[in-house]
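Position chains R and W against the provided structure of chain C, taking the given hints into account.
What follows is the residue order along each chain.
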Amino acid sequence: MPNITFEKVTKSYGTTEVLREFSVSVPDGEFLVLLGPSGCGKSTLLRMIAGLTDITSGTISFDDEEINRWDVRRRNVAFVFQSYALYPQLTVRQNIAFPMLMTRLKSWHHAPIVGAITRRRLMRTPEIRDKVEAIAGQLKLTELLDRRPAKLSGGQRQRVALARSLVREPSIYLLDEPLSNLDATLRTQMRSDIITLQRSVAKTFVFVTHDQVEAMTMASTIIVMNDGVIQQVATPDEVYDRPQNTFVARFVGSPPMNLVDGEVFAGHHTAFVGGEVPSSGLSGTLVGIRPEHLVVADPDAGGLPATVEVIERTGAETVIGCRLAAASNTVAETPLEFARARNGDHPQVGERCSLQFHLHSLSWFDRASGERIEPPVPAIGDMPDPTAVEDTPRTRAI
Amino acid sequence: MEASIAHRRRVPAPFGGSGRAVPEWVPAGLFLLVPMGFLTVMAFLPLLKEVWLSFTNARLTNPNGGAYVGLGNYRTLFSSGSELGQVLRNTLVYTLGTSVLSLAGGIVSAVVVNTKFRGHSFVRGILAAPWAVPGVAAALIFLWMFNTTGILNRILGDLVLGPVSWLSSPTWAMVSVIFVTAWQFAPFVMLVTLSALQSVPAEVAEASRIDGASTLSTFRFVVWPHIFPTVRLIALLLTIWTLRRWDLITVLTGGGPVGSTSTIVVATQQQAFTYQNVGQGAAYAVIGGGIAAVLAVGYYLLERRELQRAGGR
Amino acid sequence: MSAVSGGRPGLIRIRGFRPIYLAVVPIVVVVGFPIYWMLNTALTSDATLYTKAQSLLPSFNNFGSLGTGLGQIPVVSMFANSAFIAIGTSLLSVFLGLNAAYALSRFRFRGKGLASILLFATQMVPEGVYLIPIYTLFLSVGLVDNLWGLVLVNVSFTLPVSTFIIKAGIDQIPYEIEEAARVDNCPRFGILMTVLVPLILPSIASAAVLAGFSAWGELMFASTFITDQGKWPASVQLEQLVSNPEANIPIITAVSLLYSLPAIAFFLLVQRRIVSGLTAGAVKG
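Line by line, the protein sequences are chains C, R and W.
Mapping of the first sequence onto our numbering: residues 1040 to 1437, in sequence order.
Mapping of the second sequence onto our numbering: residues 190 to 502, in sequence order.
Mapping of the third sequence onto our numbering: residues 1197 to 1481, in sequence order.
These aren't lab readings, by the way, just hints derived from the structure by calculation.
These numbers come from a predicted model, not from an experiment.
Cβ atoms here follow ideal geometry from the backbone N, Cα and C, with glycine treated the same way.
Any given hint could turn out to be false.
Claimed, not checked - Pairwise CB distance ranges (calculated):
#1 Trp241/R with Ala1155/C: 47 to 57 Å
#2 Gly487/R with Pro1398/W: 49 to 59 Å
#3 Tyr1217/W with Arg1159/C: 32 to 42 Å
#4 Val211/R with Ala1155/C: 20 to 30 Å
#5 Ala1155/C with Arg343/R: 51 to 61 Å
As the list claims (entries may be wrong) - To list a few chain W residues with every Cβ distance to chain C over 10 Å, as calculated:
#6 Pro1222
#7 Ile1231
#8 Ala1311
#9 Val1337
#10 Val1340
#11 Pro1370
#12 Ile1373
#13 Val1379
#14 Asn1381
#15 Cys1382
#16 Phe1385
#17 Leu1388
#18 Met1389
#19 Pro1394
#20 Glu1442
Next up, chain C with everything else stripped away, as it sits in the complex (with noise of 0.2 Å):
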């Protein structure tokens, strides 16, 4: 039952460093999602867990023991491979059992043909056959069972491959982007099955994803990794409402967070659009405003002025993209302003409008660095501008 410590861990090749000093503790039976773009270092990160990969420093340990010199093969962790990569001569049934048959098999059983016959008789035997076909009715694979990978459907295969990795009964489980290769409705059916398959066995899962919607749904704990920089350790809840940095803020979240420049005042904070920001020698922020936080209204409604300029229909609700008033004035193409809104209940493209937002479901982060900020909350009737803050949000008259 180990818990995972990372001590100062890194990783190069060469002189090029792919893995950033990082220390995380992760206790066990936890659903670790490793969460970020791709190349940002979570499967190097995984891998290096399996043993797969080597540690260029720092230790990883199970429980308190090191494990960086351990062999593969005695770190007892499964591992779900993003091609899964069965044993394309072998059939489902072998497959699930090869690794029943490897702890069976001494050395010198791997000669050609007495390999063969020994696996053969392996394969009769109660004990492997019998739980081969537990695990397979476990996982829907009983009449495949016969059948060789060529022959099978992805999620077919993935199933495979979970199987085997159930059958050794590991104390961890890593698996990289299993779900990477299917198609949306079997994502979505395999999403829940992996999570109930967690729970029922009760282990440490280390899943690696760049979705971030499997990440939320899915983890107990996600680290969010960018660049082989690990940006966040936190469970979902923490990730979305208070993300630690702004490539967090971004990652996470569709339509993303949000971020609109900002600026401190004499211990308050207001927030201004680029370009309109008054020297006052003090440093920039960056306002951070999930789009469900954020209310179109009346153009003359108080909040920022703003342009319509793109209307999603998500067939839920509707998502508006807006371009505030100070941004077009700008050089730079800054990006839009998103806000979920309740179906019909919207302006035009094209209309102007103003929007509008809560002070404490802001999230304040440091321009220049990108981390969060804790800002103090201003008293109310302290704010020295109008097309700041509101303190509640105004919504329009239905």
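What follows is chains R and W alone, placed relative to chain C:
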């Protein structure tokens, strides 16, 4: 404590042992151990021994018992009366002649076979077959054909060109031997060139023909540059393979007449096993090996220079 | 797609005839004639050869003497010996090559480049150069005049090529399957034998055929080392038969033909793969 041990699994020895991960070179070394060991005994060490033997005056009856004579064998070889000059000349003529003939024949065959015509796979099979014929069998049939009363002379006689002593005249013997060797090697050239030809992008060739280039020009400016690297590689292989060829010459002419077809490998074997002069034979072998090594290194350097030039462009 | 083709508009066309045939026919005749002649000679009786001149078509009158003629040649033993050497070389060359190829393909280690170069350096030097020292080596261990000795010699010549072919095969297999096997507690040797070998059987077969093929035709070492006539492989036996003044040409040619047939057959089977393997590195584009 009990719970933490549960996550560890016993790994079967000897490949598991303490379960420590071993650096890459350990299993790699183990896998290479027997093959490399084998080659050391059968190839590397013998090469060293060859050099040593060439400095002795060993005889076949007691090969390991020769006395050290320094450069004595080499002095004999390089002295004016020795046959080394003729052997080297023969080797050069044989190697060049065979390579050129094989290349020419093979490339032409490839170009011909590359065209689609009825029965072209059958033709391709026939043209490929000589490579598969074992050397002895090829030599035997050509012996019969080159016989003074053989079919070749009969045809020549019908054409009133007179019989030729293909194998017993010093000049013709070399020609015959070159021809037979090229007959065996050309199919290889053909097959590899064919594969290279088929990788020529068809659109470029068609475009050039649409632009009005004749077939010959298309070949010269489109096809040839594309297959040239392959041809160069084959040329090197041919040179090395020809240098080695022993069976054809031995069965056809035995190295004669009067040593006119005696190449360096033929001379090596003869010196050591017919004249029983192991030390001298070893000296021949060292010279032959040296030539081969120079060729290989030369090609390697040429390749590298080509790569660098291509990279710098 | 052919880049070069014969036939241009404007030439007189006879139906079914293309100028390319003008080039094809002489080439085929020149190249194919000797093989045909083998057939012809084998099927023409001894007597015919000496009394009349051998005609372009076989006289097919040899069948009677074929029976008795063959009886005087130790056909069974010579082919058995050749087969022994060929099969032995094939198996050992492939086994060693498999190990070497796996090491070179899947592991990163210092000296890998050196190992590759060494492997191929031996191929550069003519076999004749090894003749003397291996003779002295075998002399001291009693392997001269021994078919096993010939197997060892042939393996040392075919090992680099076998390694090369098998390595190309291994390179094609996705590495993840081996990683999965390691996670599944499979030892390295097991990965090679149980996981890889079934997946690279075509490469192994090609390497085996090529090695066997090379050993089947080998003459130099066989004739120099083997003195016991009962141990002569076909290559040596044929060479000896010719120097015999009483040689029965058609019979010998018939045996020679028999000797060539397996080689030609196997060659046609694998030639496509060998050539593609060789050109993989050489052909650009």
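Status of the given 32 to 42 Å range, CB of Arg1159/C versus CB of Tyr1217/W | Violated - the Cβ-Cβ distance for Tyr1217/W and Arg1159/C, about 58 Å, lies outside 32 to 42 Å.
Distal placement of Phe1385/W relative to chain C, Cβ over 10 Å = violated, 5 Å
No chain C beta carbon within 10 Å of Val1337/W's = The assertion about Val1337/W holds, with a minimum of 27 Å to chain C.
Taking 10 Å as the cut and beta carbons as the points, is Ile1231/W off the interface with chain C?
-> holds, 38 Å
Hey, does Leu1388/W actually stay past 10 Å from chain C on C-beta?
-> violated, 8 Å
Range hint 51 to 61 Å: satisfied by the CB atoms of Ala1155/C and Arg343/R?
-> With a Cβ separation near 60 Å, Ala1155/C and Arg343/R satisfy 51 to 61 Å, so the hint holds.
Pro1394/W: least C-beta distance to chain C exceeds 10 Å?
-> Not fine: 4 Å to the nearest Cβ puts Pro1394/W too close to chain C.
10 Å Cβ clearance of Asn1381/W from chain C = For Asn1381/W, whose nearest Cβ neighbour in chain C is about 4 Å away, the distance does not exceed 10 Å, so it is violated.
Is it the case that Met1389/W keeps its Cβ farther than 10 Å from each residue Cβ in chain C?
-> Since the minimum Cβ distance to chain C is about 4 Å, Met1389/W lies within 10 Å and the statement is violated.
For Ile1373/W, is the shortest beta carbon distance to chain C beyond 10 Å?
-> violated, 5 Å
Check on Pro1222/W being off the interface with chain C, judged by Cβ distance over 10 Å | Consistent with the label, Pro1222/W stays out of reach of chain C, its closest Cβ about 49 Å off (over 10 Å).
Could you say whether the range 49 to 59 Å given as a hint is met by the Cβ separation of Gly487/R and Pro1398/W?
-> Violated, at about 35 Å.
Hint compliance for this structure: hints 2, 3, 11, 12, 13, 14, 15, 16, 17, 18 and 19 are broken, all remaining hints hold.
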